[in-house]
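K.L.:
Sequence:
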Amino acid sequence: MTTIVGHVRTGFLDRMAQFSLPAIAVWLALANRADKDCGCFPSITAIRKATGLARATVCKAIAELVGKGEIIVTPGGGKGNPSNHYQIVGSPENELVQSVNQFKRRAKVVRRLNSNQTQEPDDRARKRFVIPTLGDVSEYCRERGNSVDPQRFIDHYESNGWRVGRNAMKDWRAAVRTWERNGFADSNGKPKPEPIQYRD
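Counting from 1, one number per residue, gives the positions in the sequence shown under my numbering.
Hints listed in this document are in silico derivations from the structure and should not be mistaken for laboratory results.
A portion of the hints provided could be inaccurate.
[Claimed, not checked] Label pairs and their calculated CB-CB ranges:
#, residue 1, residue 2, range
1, Ile72, Leu13, 53 to 63 Å
2, Gly165, Asn32, 52 to 62 Å
3, Gly165, Lys36, 55 to 65 Å
4, Asp35, Arg55, 22 to 32 Å
5, Ser43, Ser20, 16 to 26 Å
6, Val130, Ser159, 15 to 25 Å
7, Asn32, Lys170, 48 to 58 Å
8, Gly165, Leu28, 17 to 27 Å
9, Glu139, Asn182, 52 to 62 Å
10, Glu139, Gly183, 17 to 27 Å
11, Asp37, Gly67, 14 to 24 Å
12, Lys36, Gly69, 19 to 29 Å
13, Val89, Gly52, 18 to 28 Å
[Unchecked claim] The calculated DSS-like cross-link candidates involving lysine-lysine, where the alpha carbons are at most 30 Å apart (straight line), are:
#, residue 1, residue 2
14, Lys36, Lys49
15, Lys36, Lys60
16, Lys49, Lys68
17, Lys49, Lys60
18, Lys68, Lys36
19, Lys127, Lys170
All values reported here derive from a predicted model rather than from experimental measurement.
Here a beta-carbon is modelled for each residue, glycine too, at the ideal position from N, C-alpha and C.
Produce the entire structure from the sequences given, and follow the hints as far as they go.
P.N.:
Encoded structure:
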């Protein structure tokens, strides 16, 4: 089934304004089912389902469209297709699109570059993670004045492939700071308990 889109050409809306609302609904249902030659074979039941109108209202609307020359109805017959053939006639210049290809248009996308902006290379993106030595971690812990055990830190991350969760480590110094913040400073692996504060 090919969907036909109506053009709004000169006089089209004026012609449609002279029809009743059921006639317009039936015309749109037929146009929606029409092939490239503007013809279709819907049954009255199919038109009723598409429009939500009663059978008598659909028949009356078809008669109105035929009477004003908008459609031609050829009675169906025979064993192959008992439905009527509906041909949308419209104006001499048919309002219905004959081909979807007529709307295809090639568009060229042009990106504008602002010549005032300069892009400097991001040094952080180029740095690769380098596994620290025990000396590197010890020195960093001394600089920060924390009590993180450097050997325990190295052993922990060496055992899990220098990963933080499921992600590869990006900055070992940040991991040291996290250990410091979370209190993984004593050698048994448990954070130091907070002293109990007694309040009166």
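K.L.:
With reference to the structure, classify each hint as holding or not holding.
P.N.:
Hints, verified against the model:
1. Hint check: Ile72 to Leu13, Cβ distance near 22 Å, so the stated range 53 to 63 Å is violated.
2. At roughly 55 Å, the beta carbons of Gly165 and Asn32 sit within the given window of 52 to 62 Å.
3. Distance hint check: the CB atoms of Gly165 and Lys36 are about 59 Å apart, consistent with the given range 55 to 65 Å.
4. Checked against the hint of 22 to 32 Å, the C-beta distance between Asp35 and Arg55 comes to roughly 25 Å, which is consistent with it.
5. Distance hint check for Ser43 and Ser20: the Cβ-Cβ separation is about 22 Å, which falls inside the suggested range of 16 to 26 Å.
6. Distance hint for Val130 and Ser159: a CB-CB separation of about 18 Å, consistent with the stated range 15 to 25 Å.
7. The supplied range of 48 to 58 Å is met by Asn32 and Lys170, whose beta-carbon atoms lie about 57 Å from each other.
8. Between Gly165 and Leu28 the beta carbon distance is about 58 Å. The supplied range of 17 to 27 Å is therefore violated.
9. In this structure, Glu139 and Asn182 break the distance hint of 52 to 62 Å, their C-beta atoms being roughly 21 Å apart.
10. At roughly 21 Å, the beta-carbon separation of Glu139 and Gly183 lies within the given 17 to 27 Å, and the hint holds.
11. Checked against the given bound of 14 to 24 Å, the beta carbons of Asp37 and Gly67, roughly 23 Å apart, stay inside it.
12. Evaluation of the 19 to 29 Å hint for Lys36 and Gly69 yields a pass: the beta carbon distance comes to about 21 Å.
13. In this structure, Val89 and Gly52 meet the distance hint of 18 to 28 Å, their C-beta atoms being roughly 25 Å apart.
14. Restraint check for Lys36 and Lys49: satisfied, since their Cα atoms lie roughly 23 Å apart, inside the 30 Å limit.
15. Distance check on the hinted pair: Lys36 and Lys60 sit about 26 Å apart at the alpha-carbon level, within 30 Å; holds.
16. Our distance criterion of 30 Å between C-alpha atoms is met by Lys49 and Lys68, whose separation comes to about 24 Å.
17. This hinted pair checks out: Lys49 and Lys60 have alpha carbons roughly 16 Å apart, not beyond 30 Å.
18. Taking the CA atoms of Lys68 and Lys36, the gap is about 22 Å. The hint holds against a cut of 30 Å.
19. Restraint check for Lys127 and Lys170: satisfied, since their Cα atoms lie roughly 9 Å apart, inside the 30 Å limit.
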